[in-house]
Amino acid sequence: MMRYLLADPARLRRIGLGFGFVILVAVLTLVNQKPWTPEALSGLNPWVLRLGTALVLALLVMANIRALGLLPRAAQVWGVWIELFLLLMAFFWSFDLSFSFIARKIGFLITQGVAMTLYISALSILIATVIALVGAVAKMSKNGVIYGLASFYTSLFRGLPLLMQIYIIYLGLPQVGYVIGAVPAGVLALSLCYGAYMTEIFRAGIESIPRGQSEGATALGLAPAQSMVLVILPQAMRIIIPPTGNQFIAMLKDSSLVSVVGVWELMYLARTQGQTEFRHIEMLITASMIYWLLSIGLEYAQSRIEARFGRSNAR
Amino acid sequence: MPAEPLVTLSGVHKSFGAFKALSDITLSVAPGEKVVVCGPSGSGKSTMIRCINGLEPYQQGKITVAGRYLTEEEEVGRAVRQEVGMVFQSFNLFPHLTILENCILAPQWVQGKSRDEAVETARRYLKRVDILEQADKYPIQLSGGQQQRVAIARALCMAPRLMLFDEPTSALDPEMVKEVLDVMTDLAREGMTMICVTHEMGFAQAVADRVIFMDRGRIVEQAPPRAFFTAPQSARAQEFLAQLLH
Numbered sequence: 001m002m003r004y005l006l007a008d009p010a011r012l013r014r015i016g017l018g019f020g021f022v023i024l025v026a027v028l029t030l031v032n033q034k035p036w037t038p039e040a041l042s043g044l045n046p047w048v049l050r051l052g053t054a055l056v057l058a059l060l061v062m063a064n065i066r067a068l069g070l071l072p073r074a075a076q077v078w079g080v081w082i083e084l085f086l087l088l089m090a091f092f093w094s095f096d097l098s099f100s101f102i103a104r105k106i107g108f109l110i111t112q113g114v115a116m117t118l119y120i121s122a123l124s125i126l127i128a129t130v131i132a133l134v135g136a137v138a139k140m141s142k143n144g145v146i147y148g149l150a151s152f153y154t155s156l157f158r159g160l161p162l163l164m165q166i167y168i169i170y171l172g173l174p175q176v177g178y179v180i181g182a183v184p185a186g187v188l189a190l191s192l193c194y195g196a197y198m199t200e201i202f203r204a205g206i207e208s209i210p211r212g213q214s215e216g217a218t219a220l221g222l223a224p225a226q227s228m229v230l231v232i233l234p235q236a237m238r239i240i241i242p243p244t245g246n247q248f249i250a251m252l253k254d255s256s257l258v259s260v261v262g263v264w265e266l267m268y269l270a271r272t273q274g275q276t277e278f279r280h281i282e283m284l285i286t287a288s289m290i291y292w293l294l295s296i297g298l299e300y301a302q303s304r305i306e307a308r309f310g311r312s313n314a315r
Numbered sequence: 001m002p003a004e005p006l007v008t009l010s011g012v013h014k015s016f017g018a019f020k021a022l023s024d025i026t027l028s029v030a031p032g033e034k035v036v037v038c039g040p041s042g043s044g045k046s047t048m049i050r051c052i053n054g055l056e057p058y059q060q061g062k063i064t065v066a067g068r069y070l071t072e073e074e075e076v077g078r079a080v081r082q083e084v085g086m087v088f089q090s091f092n093l094f095p096h097l098t099i100l101e102n103c104i105l106a107p108q109w110v111q112g113k114s115r116d117e118a119v120e121t122a123r124r125y126l127k128r129v130d131i132l133e134q135a136d137k138y139p140i141q142l143s144g145g146q147q148q149r150v151a152i153a154r155a156l157c158m159a160p161r162l163m164l165f166d167e168p169t170s171a172l173d174p175e176m177v178k179e180v181l182d183v184m185t186d187l188a189r190e191g192m193t194m195i196c197v198t199h200e201m202g203f204a205q206a207v208a209d210r211v212i213f214m215d216r217g218r219i220v221e222q223a224p225p226r227a228f229f230t231a232p233q234s235a236r237a238q239e240f241l242a243q244l245l246h
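Line by line, the protein sequences give chains A and B. Here the first sequence is numbered in our numbering, starting from 1 and rising by one per residue. Here the second sequence is numbered in our numbering, starting from 1 and rising by one per residue.
In short, the hints are calculated from the structure, not lab data. Treat the numbers as computed from the prediction; the structure is a model and nothing was measured. Each residue gets a CB set at the ideal place from its N, CA and C atoms; glycine is no exception. Treat the hints loosely; a few may be bogus.
Simulated crosslink set (DSBU-like; lysine-lysine; CA at most 30 Å straight-line) [stated by the list, open to error]: (1) B:K137 to B:K113; (2) B:K127 to B:K113; (3) B:K137 to B:K178; (4) B:K127 to A:K142; (5) A:K142 to B:K20; (6) A:K253 to A:K34.
Derived DEER-like restraints, expressed as beta-carbon distance ranges [claimed, not checked]: (7) B:K137 to A:G172: 32 to 38 Å; (8) A:I65 to B:A171: 47 to 53 Å; (9) A:V260 to B:Q141: 49 to 55 Å.
If you want the footprint, here are the derived chain B segments under chain A, 3+ residues with CB under 8 Å [said to hold, decoys possible]: (10) 94 to 101; (11) 154 to 166.
Please construct the entire structure, taking both the sequences and the accompanying hints into account.
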């Protein structure tokens with residue numbers, strides 16, 4: 001069987017395409033519960049209609065892919081993005097949204113919600129980075145006490161759900177006599193949780209730099225801290241940045257969990273602003289799009305920074 | 001009376017776990033002396049010179065460099081390393097810095113020189129190893145031989161009193177070995193104290209005051225190069241030299 005498939009690439013391709021088409025038709029048939037039914041065909045078995053509609057749609061999809069295939073690569077990317085974006089918009093359109101309601105609320109979502117979300121995220125990212133740096137160095141320490149502290153920290157804060165950490169910090173700290181506000185509690189939980197993940201990223205990045213680099217620095221008389229900051233970290237950055245960018249993007253959206261303790265950030269407003277007029281979906285979709293836009297901004301920043309730190313590897 | 005030795009090792013032992021890397025090493029190197037260390041792989045040559053600048057701790061005995069007793073203390077190690085330049089088999093240039101930046105990093109951060117002063121020194125040494133035109137390139141843009149010459153210049157920028165070479169030509173393509181050995185020979189002629197781990201016997205004959213032959217963590221034989229290469233005393237050294245010639 002394997003031999004039959006692999007021996008002839010053209011045959012494999014044909015079979016693959018055919019298989020994809022069948023799957024597509026099957027999925028569309030099952031999913032489309034209300035097929036388009038012209039008067040003349042209303043007497044037919046609904047399954048026949050579903051299958052017919054699915055066939056037409058699947059052929060359209062295949063033709064579309066063929067057409068895109070004729071374009072140069074950059075145009076293909078744009079084409080796919082635009083098409084999928086339009087489909088997404090059509091999906092939202094089908095909810096019969098009230099745009100006047102969105103227009104009325106979006107200002108507040110941005111001035112209060114986005115501002116708070118960005119404030120919490122940026123502050124947490126900053127603190128988490130510092131924690132990660134310290135944590136990574138501690139995790140590589142020969143000193144057992146320091147290693148013990150660092151490994152307990154990463155184990156605990158990677159091991160509890162973030163939502164739980166937010167509750168525990170917000171509700172638990174007052175139990176031991178320290179009353180903490182909702183925003184500081186949220187920032188603390190996000191920083192500690194992401195600091196723990198990033199500790200591992202930083203440690204892996206630092207350890208990936210060959211031993212010869214720190215030996216070279218040591219032999220020149222540099223102190224350990226100088227060697228770390230001047231020699232090791234700038235090189236480790238190239239390895240640290242991509243997964244750290246991922247963490248930043250994830251944190252931006254995980255900051256929505258802070259809404260459970262009543263912080264007026266984007267998610268909280270999205271849930272509450274629609275309530276009075278029963279327009280939940282408008283607010284949720286608007287907030288979703290805002291989160292996406294913010295993430296795209298971070299992705300862009302990440303690619304710029306990556307390009308900058310990749311400099312010395314260019315020939 | 002001979003000059004105070006620059007480096008002394010007396011009764012130095014070192015082991016990695018159960019493996020005895022150095023046994024009872026006793027050695028002293030006078031200022032201006034050139035010592036070539038050879039021996040089969042795993043004989044402890046690299047370990048010995050890495051102990052001399054404190055890159056490796058040792059367990060017994062005593063090492064002094066420029067009159068300073070080298071202990072495991074961070075401060076002592078750093079003070080010693082300011083007197084000692086080291087060149088590695090794999091160059092260990094910093095890939096994220098240009099050639100010039102590689103050379104001024106330590107003078108600026110360790111010796112506290114101003115940037116202008118450090119650049120001036122660096123340019124002088126880069127010129128001396130004949131690589132000044134490449135000063136603004138990154139290490140990856142240079143050939144292995146050029147990188148190793150930069151590594152030598154980078155070490156010299158710290159004005160060391162002793163230079164350690166750990167198989168400086170072993171990672172090079174054959175046609176690049178000579179340019180590095182030439183730089184080292186010049187340095188020797190100018191009176192730098194040098195301890196070189198190398199199998200370049202031509203270099204040893206031309207430059208060394210003394211050849212040290214090591215095997216299994218011990219110094220088996222020490223002799224002037226002519227005596228060592230023509231009439232080695234120990235059976236192990238005879239065997240080793242016979243293999244080198246083939």
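Structure-based check of all given hints:
1. Distance restraint check for K137 of chain B and K113 of chain B: the Cα-Cα separation of roughly 23 Å lies within the 30 Å cut-off, and the hinted pair is therefore satisfied.
2. For the proposed pair K127 of chain B and K113 of chain B, the alpha carbon gap of about 20 Å is at most 30 Å, so the pair holds.
3. For the hint pairing K137 of chain B with K178 of chain B, the CA-to-CA distance comes to about 23 Å; that is within 30 Å, so the pair holds.
4. Between K127 of chain B and K142 of chain A, the direct Cα distance comes to roughly 42 Å. Violation of the 30 Å bound is thereby established for this hinted pair.
5. A threshold of 30 Å between alpha carbons decides the hint, and for K142 of chain A with K20 of chain B the separation of about 23 Å falls inside it, so the pair holds.
6. Among the hinted pairs, K253 of chain A with K34 of chain A is inconsistent with the structure: their alpha-carbon atoms are about 35 Å apart, more than 30 Å.
7. Between K137 of chain B and G172 of chain A the Cβ separation comes to about 57 Å, which falls outside the hinted range of 32 to 38 Å.
8. Our hint of 47 to 53 Å for I65 of chain A and A171 of chain B holds, since their Cβ atoms are close to 51 Å apart.
9. Between V260 of chain A and Q141 of chain B the C-beta distance comes to about 54 Å, which sits within the given range of 49 to 55 Å.
10. Requiring three or more residues with a Cβ within less than 8 Å of a Cβ of chain A, the coverage given for the segment 94 to 101 of chain B holds, as 4 such residues are present.
11. Counting residues of the segment 154 to 166 of chain B whose beta carbon lies closer than 8 Å to any beta carbon of chain A gives 3, which reaches the threshold of three, so the coverage claim holds.
Violated hints, listed in ascending order, are 4, 6 and 7; each of the other numbered hints is respected by the structure.
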